[in-house]
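Based on the hints, put chain B in the right spot on chain A.
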Amino acid sequence: MIRFLKLYEKFGIFIFIFAGAVFLAFATPNFLKMGTILNIIAQGSYAALVGYGMTLAVTSGGFDLSVESVMALASVFLAILIPVIGIPLAILASLIVATSVGVLNGLIISKLKVNPLITTLGMSTIIKGVALLVAGGKMIVILQKQFMVIGTGRTLGIPNPIYVMVALFIVFYFIVYRTSFGRHVAAVGSNESAVKISGVNVDAVKIGVYALVALTAGLASVVRTSQALIGMPSMAPGFVLVVLTVTILGGTSLTGGRANLWGTLLAGVFVSMIYYGLNLINLQIFYQMLSVGLVLMLALFIEGLRLRYLKAAKAKGIKV
Amino acid sequence: MPNVRDAQTMSVTGELLRTEGLTKTFPGVVAVDGVDFDVRVGEIHALVGENGAGKSTLIKVFGGVYIPDKGKIIMDGKEVAFSSTHQSQESKIAVIYQEFNLVPDLSVAENIFIGREPKTALGTLIDFRRMNSRAAEILATLDMPLNVKSFVADISVAERQMVEIAKALSHESRLIIMDEPTATLTEKEVRKIFEIVKNLRARGVSIIYISHRLEEAFELADRITVMRDGRKVGTRQIAETNKSEIIEMMVGKVVKDYFAQAGTSTEAREPLLEVRNYSVADAVEDISFTLYKGEILALAGILGSGVHRMLQSLFGVIPKKSGDIFFQGRKVNIDRPRDAIRLGIGYVTEDRKNAGLLPAMSVLHNLTIIIIRALSFLRGLFIRDGEERRRFEGIRTTLDIKMSGPGQRIIYLSGGNQQKVLIGRTLLTDCKALILLEPTRGIDVGAKAEIHRMLRALADKGLSVILTSSELPELVNLPDRCIVLYKGRKAAEFTRETMDSEKLVAAQIGQSSGEGRAHV
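These protein sequence lines map, in sequence, to chains A and B.
Each residue of the first sequence is one higher than the one before, counting from 38 in this note's numbering.
Each residue of the second sequence is one higher than the one before, counting from 15 in this note's numbering.
Bear in mind the hints are in silico, worked out from the structure with no lab data behind them.
Here a beta-carbon is modelled for each residue, glycine too, at the ideal position from N, C-alpha and C.
Accuracy of the hints is not assured; some may be wrong.
[Claimed, not checked] List of simulated lysine-lysine pairs, DSS-like, C-alpha gap at most 27 angstroms: (1) B/Lys202 x A/Lys148; (2) A/Lys233 x B/Lys367; (3) B/Lys202 x A/Lys150; (4) A/Lys348 x B/Lys504; (5) B/Lys504 x B/Lys202.
[Unchecked claim] Computed from the model, here is a short list of chain B residues facing chain A with C-beta under 10 angstroms: (6) Val331; (7) Arg352; (8) Leu372; (9) His379; (10) Asn431; (11) Leu436; (12) Thr440.
Isolated chain A (complex conformation):
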């Protein structure tokens, strides 16, 4: 049992993906085609992209509820700036805007010691307001068609968002597992006071974490905005829940200290599979939210069971 639970922590997401794949394979003959699979993965890219950032935040013992508003803000900036300064600079500028929101989150959380829930929830509302103000309350159509290539183009037959997803995965893998910053993030999530007496600048670590989450939200916004070719001041409502689902389902512990970046990537794909499956059986879009909520609760339920079982096993003196 213990062995199973340990494996679950690492590979639990595979069970979900496998179950989903088997279901879809039977439900539709189209599923087992390369094109379909690639599409599913490409659609999973936003959740995975922001999921990387969220994984970092959860590992540090916090989380960020402002991601969808940051995405909206970046989207609006893209739409306004592209005609003015061109695509590359507009992307850079909107990423800087997004990251600054994250830095602000980090400053409030670390220096003013406001808890992450209140900080990022409040920030989310403020930023949504700012996005609407800047956009004048409406969507902004982007006329520069070449911008679409990021979100809808293909390279060597593979959708471009997948490249973004993989490239950022590599970057985050490096950050989480290969840098001292990544080690500090996990340590802060594991025991903040212990890290402090080890001389680590905890405030800087937290600011870095929230800056990176916002940066991933900015990148996801670039991909999303490019697909729609519209700057959306109310982009992706409820998306934050999807991102949290992806992070937790992927096996990153909500108690902090342990990241599972592979899990986040795969969970992003899994959530995309759910969407695809629901489309397939012609269910309304509302069911998507419902099902993501259910999956989140299921993932948390299993996580709770796991922790309880390990604790009981430890109390009985079983070696774990």
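Only chain B this time, still in chain A's reference frame:
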């Protein structure tokens, strides 16, 4: 006060509670060993002993927290058994632990009547008016100056103590057990608590009073019982004993030089760290001392002496009020742990679980967290795995840390091995001075001796160690010098030659005047 018996009508020698051969064992240790103990009606019975003597376990048996393995508890001549705190309460026993059992967000009155709030006529709502007036009544009978509507979160420790006592009285308790009630109180507050305790006695309530401060026991108690190593050493009438007899009973025989040999000679020592006129708010006042190169210095003191806060401040965990620190002859500022680490000072917390370990992480990562940035290329950008492993292996062999592998999670190591990891963590920084708070708390005997040997070996290589401990053998035998603080001030100093366990205990509990005052 309803139902509290009139002291006048009762014989003072009437027995309230007695134990026969009470024994409680935990894996590997007999915490209470065949104790015969008795409390009379309307007496204050002081219970004293060193840390680990078994006092806490004994009162937890009375409180229904622990169920004894052997022996009887007899109350009013009848055998009773408490298998829960509730049953103990039913028998009119109240235990006031050091960590209070109060809800900070409720008022004084609500805390006193928690779970038994007076109800309105319909029996559904709490009758706040009646509750507050009854609470005020109880507080008034004991002359406690407290507003029943204040939130417990807003009142002082002494006042919380009063709320606990009032709660006990509202339960019509006949025996109130107080565990070090005055450890963190000011002189004035102590006086107030004393008055209340005497007042309780006058009302026929019996009190078991645990304290580390002998003078309090002698001022307050009618009888005194000394425990040591789980056994009762003896019970005396206060009038028929004196402090030195009690200290002798407490200390027993501490085998000297049980640990590794003494360090280098005391001549030609080179000072490493000098603390001058150092004060920390609510902790220590005007403390000066010098830590020499390669010496093990102990700062000893009971709860409330300020030693822990003194050492925490020295590492920048809590701020100082005034005073200077000189390190290698240079005046330095230590405002936060980072400053201390940069100077070459290491620190091992007494609160291993909450402030030391990174529970979610592996042994390897726990150890190297302190140097991981320095271990990487380009200011932390690329961790040098090989170097990290090499440094880890070095510490692992030096300290002989036992584990299944570097990837094992730290929480699955034994307490002794966890402590070694924390010490190893500081050693990785090549520190020159090491501050250790309670270095062997919660560690089994074998690992204790091992850590002592290790510290001595490190000191022989030139590391300066400054530690505090609440365990007598550790204080007597490990350090080269021992400075005793009492209520925030220096009370005595012992060298290896003048060290005497009885005098040390005496100094710690505020009895350093007279011949006990060695080498001040």
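A quick look at each hint next to the structure:
no. : hint                : in the structure
1   : B/Lys202 x A/Lys148 : violated (38 angstroms)
2   : A/Lys233 x B/Lys367 : holds (14 angstroms)
3   : B/Lys202 x A/Lys150 : violated (36 angstroms)
4   : A/Lys348 x B/Lys504 : violated (45 angstroms)
5   : B/Lys504 x B/Lys202 : holds (21 angstroms)
6   : Val331              : holds (6 angstroms)
7   : Arg352              : holds (4 angstroms)
8   : Leu372              : holds (4 angstroms)
9   : His379              : holds (6 angstroms)
10  : Asn431              : violated (14 angstroms)
11  : Leu436              : holds (9 angstroms)
12  : Thr440              : holds (9 angstroms)
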